[in-house]
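K.L.:
These are the residues of each chain, in order.
There are 2 protein chains.
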Amino acid sequence: MAQMNSTVGDLWGNAEKISNFISRAKELQADLVTFPELVICGYPPEDLLLKSHFVRDNLKALNTVISSTKDITAVVGFVDKDEQGQIFNAAAIINNKELKGVYHKMELPNYGVFDEKRYFQRGKEFFLFKLGNVSFGVSICEDIWKDKGAANLEAESGAKLLINLSASPYHAGKRRVREKLLIKRAKETDSFICYTNLVGGQDELVFDGGSLVIDSEGEIIACGKQFQEDFVIADLDIDLILKSKPNFKRKAGVKSVISFPRNIAKKSTLAKEQSLKRLTPLEEIYSALVLGTRDYVSKNGFQKVVIGLSGGIDSSLTAVIACDALGKDNIIGVSMPSYYSSEATKSDTRILSENLGIRLIVIPINAIFKVYLMALEKEFAGLRRDVTEENLQARIRGNILMALSNKFGYLVLTTGNKSEISCGYCTLYGDMAGGFNILKDVPKTLVYKLSKFRNKKEGRELIPDSIIIREPSAELRPDQKDKDTLPPYSILDPILKSYIEENKSYEEIITEGKLDPDLTKKVIQMIDRNEYKRRQSCPGIKITPKAFGKDRRMPITNRYREF
Amino acid sequence: MAQMNSTVGDLWGNAEKISNFISRAKELQADLVTFPELVICGYPPEDLLLKSHFVRDNLKALNTVISSTKDITAVVGFVDKDEQGQIFNAAAIINNKELKGVYHKMELPNYGVFDEKRYFQRGKEFFLFKLGNVSFGVSICEDIWKDKGAANLEAESGAKLLINLSASPYHAGKRRVREKLLIKRAKETDSFICYTNLVGGQDELVFDGGSLVIDSEGEIIACGKQFQEDFVIADLDIDLILKSKPNFKRKAGVKSVISFPRNIAKKSTLAKEQSLKRLTPLEEIYSALVLGTRDYVSKNGFQKVVIGLSGGIDSSLTAVIACDALGKDNIIGVSMPSYYSSEATKSDTRILSENLGIRLIVIPINAIFKVYLMALEKEFAGLRRDVTEENLQARIRGNILMALSNKFGYLVLTTGNKSEISCGYCTLYGDMAGGFNILKDVPKTLVYKLSKFRNKKEGRELIPDSIIIREPSAELRPDQKDKDTLPPYSILDPILKSYIEENKSYEEIITEGKLDPDLTKKVIQMIDRNEYKRRQSCPGIKITPKAFGKDRRMPITNRYREF
Chain L
22 MAQMNSTVGD LWGNAEKISN FISRAKELQA DLVTFPELVI CGYPPEDLLL
72 KSHFVRDNLK ALNTVISSTK DITAVVGFVD KDEQGQIFNA AAIINNKELK
122 GVYHKMELPN YGVFDEKRYF QRGKEFFLFK LGNVSFGVSI CEDIWKDKGA
172 ANLEAESGAK LLINLSASPY HAGKRRVREK LLIKRAKETD SFICYTNLVG
222 GQDELVFDGG SLVIDSEGEI IACGKQFQED FVIADLDIDL ILKSKPNFKR
272 KAGVKSVISF PRNIAKKSTL AKEQSLKRLT PLEEIYSALV LGTRDYVSKN
322 GFQKVVIGLS GGIDSSLTAV IACDALGKDN IIGVSMPSYY SSEATKSDTR
372 ILSENLGIRL IVIPINAIFK VYLMALEKEF AGLRRDVTEE NLQARIRGNI
422 LMALSNKFGY LVLTTGNKSE ISCGYCTLYG DMAGGFNILK DVPKTLVYKL
472 SKFRNKKEGR ELIPDSIIIR EPSAELRPDQ KDKDTLPPYS ILDPILKSYI
522 EENKSYEEII TEGKLDPDLT KKVIQMIDRN EYKRRQSCPG IKITPKAFGK
572 DRRMPITNRY REF
Chain P
22 MAQMNSTVGD LWGNAEKISN FISRAKELQA DLVTFPELVI CGYPPEDLLL
72 KSHFVRDNLK ALNTVISSTK DITAVVGFVD KDEQGQIFNA AAIINNKELK
122 GVYHKMELPN YGVFDEKRYF QRGKEFFLFK LGNVSFGVSI CEDIWKDKGA
172 ANLEAESGAK LLINLSASPY HAGKRRVREK LLIKRAKETD SFICYTNLVG
222 GQDELVFDGG SLVIDSEGEI IACGKQFQED FVIADLDIDL ILKSKPNFKR
272 KAGVKSVISF PRNIAKKSTL AKEQSLKRLT PLEEIYSALV LGTRDYVSKN
322 GFQKVVIGLS GGIDSSLTAV IACDALGKDN IIGVSMPSYY SSEATKSDTR
372 ILSENLGIRL IVIPINAIFK VYLMALEKEF AGLRRDVTEE NLQARIRGNI
422 LMALSNKFGY LVLTTGNKSE ISCGYCTLYG DMAGGFNILK DVPKTLVYKL
472 SKFRNKKEGR ELIPDSIIIR EPSAELRPDQ KDKDTLPPYS ILDPILKSYI
522 EENKSYEEII TEGKLDPDLT KKVIQMIDRN EYKRRQSCPG IKITPKAFGK
572 DRRMPITNRY REF
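For the protein sequence lines, the chains are L and P, in the order given.
With this note's numbering as the guide, the letters of the first sequence map in order to residues 22 to 584.
With this note's numbering as the guide, the letters of the second sequence map in order to residues 22 to 584.
These are computed hints drawn from the structure, not numbers from a lab.
Treat each hint with caution, since some may be false.
Repeated chains share a single entry, so a pair holds when one copy, or any two copies, can fit it.
[Stated by the list, open to error] PhoX-like mimics (lysine-lysine), calculated; alpha carbons at most 25 Å apart, straight line: (1) Lys542 x Lys504; (2) Lys543 x Lys201; (3) Lys151 x Lys138; (4) Lys504 x Lys169; (5) Lys167 x Lys145; (6) Lys145 x Lys169; (7) Lys571 x Lys138; (8) Lys167 x Lys138; (9) Lys72 x Lys138.
Next comes chain L alone, as it looks inside the complex (with noise of 0.2 Å):
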């Protein structure tokens, strides 16, 4: 299985990736090597399948694949596109350089982040392939998590080896819900089955890889790395597959056997089973931000990434990441102290960036808030401070860090944690402004664990304590704590979750959490009235069933109140 980081809309990169993975394949005399969901063309490819000439490239990307697949049998993924000019998201059989058949997918998730029945027909047939003496069956993705669905039909059908291809996006928890559902089907239908997922990071998503071989009774016995390309290696017992169905029944639903020789003659001696050695819920998570950063930045063509350094733990943590994602000499710090930061943070802020071997640049803001003051008093006559000084702080940190951006190409990592852009606690154009945000699904509470975890990894403190117990304040004004805003983390976080992930109403959020109901009532109504940030918000990495963007599609105007 090529467990393999393809590019959206790189056909003729990951084409290229794929057949070195085929050739490698080949070297271990494997019999057969797959690959993951529409890996021709990366997922989501979204609007990119409505050019007709970027579905008829990865068509042409596929025939070079097909061309380099001698001697061996690959299963990969592509899109199709029938007479009419309807579109597939479908797997190609290849065998020896032809191409033996062509599953469509029949199941299209169209929830959360996914958008398939935009793009795809359904798929309507199923078919046995034959390697050998082996029955196969070919589905992908949403097929398999579907009861009674293509690999249920398959098994039924005779096949002893169900193979998926997948492209299935992380968030905290989802391997665990997957391995139970692939053991299952094994199990349910007598079956091996072989898992190929995508792994790498896509915009505002994350592929986990994890891949997996089941064999009939559910037991793991080869599992792909989390979070990194890998090249899975199983010997399945051909003996023992063909033995533990001896009758091949063949129903109605198979309009067709495909058949064609394997390739070698013996036996690989090289294949052997991977570790089932799994990362633990804060690795994991941890991985994925990394995996998300690293594959958003480079993907996107840039090098080097700035972060606005405050002394508070969400810079510091997004700093971090940075490092582990990107390298120390990649990362820019810039601290931007005002008449409000402490003298505890700006050290703070030292220590960190030495801790990490960044580069620091200091730019003080107060004669620039001074000016802009002075802009405004005419206008701001009379009026008292408020809220509106505090964002001009922001905002002129903001334009410091885009001008460092554009004069040296540098892409600006934004700092917001989700309990933070859930309220609005936060400013348009000021602390939001940035290309990438690395904590945008991860809730305050959930900050705090990563840090201690990362400091623990690491044996030290890299983020320095004082960071960590210190009271969080945005230093916007004097003496300006979180608290003065917003309920303590610890109870918004649950309220959050309850709210925009679980989909739950006041009166069940209330009841359920035994919480005073007008602290509530304040909290829906922050997040309800800050829909407008997020949208202008920049994409950050999904970890959660439910992260801001195409994940949750909530109108502007939106005059629902439930109190």
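With chain L's structure known, arrange chain P on it following the hints.
P.N.:
Chain P in isolation, oriented as in the chain L frame:
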């Protein structure tokens, strides 16, 4: 037909409005009153539909409408829910306080701006309703666009009147397409069609009304106003309807016929056919922009807007449209001249403001620009001025507008046009900073046409001619002109249309347009590279077949290159 402007989420406000229209219909002694698609919850409600309490509250709101429907028949769009919790885009057929039947939309659009398969299950059956002697069928929007769809089946089963509830978003020229389709449908089914369309703005969409009653010979016998709420009254000649198809054919498709009596005895005397006068193409687009602006501002609870006026045509037209939408007292113009602003543009800004009678604030930005340059001096030492310093000026202006917005609660209108936004000829957090972008989907060549159109309508130079004839410039460096960066708009705009709206390839564009290959390449590269900017842009009004936003979902990370 109640051509109503409903507001997304405002269940109780919408229900009250519906009940008022029903009362009016009763006063007019109408037999039947119809409403747009999903009128109870507004369209499109997007992910509000994933909240089960939202669906429940919409059913409660429907119940209040049912109980107010005395002695009359009403057809009302709402969200239905079955026992499994699946939801449907539905129409309630209500007679004299009783829910007589419910129709579920069969064709769920899932392309362009539509995501209906994300939420709704497909309806499976249709009904015939008999109001007195007249059999009618009910369908919803897309249903009637489909050949041999629900409307046709209903007619074949004996319906003489086909009622369609719609929420059909506007783009230039759509009214004509819609009328043509409905006339064809009326003729082929030999039925009367009563097509009730939504009116109003919702985020990026404008619904244009223009509801229609068409007789069985394809003649339009009544027509709703465009871009305004309207109550369309038509007296159908029932004897003629009944005579037209003497043989009631009942086919297998119809599960049941639901009959109820007419609630009035005498024929209405008030009913009058509406004028069929239609807006010209430019009037139509201009009206869409005015309605979209008015509804976005008012439905989001704003009263006043602030606009940065540069003396250029985009900000001038934006100000004129805003005046027409909101009244001159609600518009604040801000002139923010720099070293590079010419006397001519500064003077034109003053003249425009006087012509419109709006308040003009002048806040020069030189001092602020200077202090930024000083703050960045060390980092930028030895480097030449480039786009960084240009963007900085635009961002200072963005900050000033946002400061006014924060302090006084104004909504900032951005002034970019589709040509600029396509090519990324605009500054993120600079001139792109704001809440709503009236011209987001208006190409520059159309900006000129609309400006001239509006001046002509006024009978004087509302927008000074000097603004219209001046060569476009961003005035961010000495002697800068748009043409230094972009091809002439008369060449650029057709390329943008081919590439963005029509998904044409580079090859097709140069061949069909007889265009310079290098110039075309440069334009395509600019469009592709600036996806990240558009992702952070504020909403604007869709007026073309493909606007940015939900209508065009391109990946940011995208390595597809055609050449």
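K.L.:
Now tell me, hint by hint, if it's right for this structure.
P.N.:
Going down the list of hints, with the structure as the test:
1. Lys542 x Lys504: within (16 Å within a copy, 53 Å between copies)
2. Lys543 x Lys201: This pair counts as neither: shortest intra-copy Cα distance 39 Å, inter-copy 50 Å.
3. Lys151 x Lys138: neither (31 Å within a copy, 37 Å between copies)
4. Lys504 x Lys169: The answer is neither: 51 Å in one copy and 61 Å across copies each exceed 25 Å.
5. Lys167 x Lys145: both (15 Å within a copy, 22 Å between copies)
6. Lys145 x Lys169: This pair counts as both: shortest intra-copy Cα distance 14 Å, inter-copy 23 Å.
7. Lys571 x Lys138: both (15 Å within a copy, 15 Å between copies)
8. Lys167 x Lys138: both (16 Å within a copy, 18 Å between copies)
9. Lys72 x Lys138: This pair counts as both: shortest intra-copy Cα distance 16 Å, inter-copy 22 Å.
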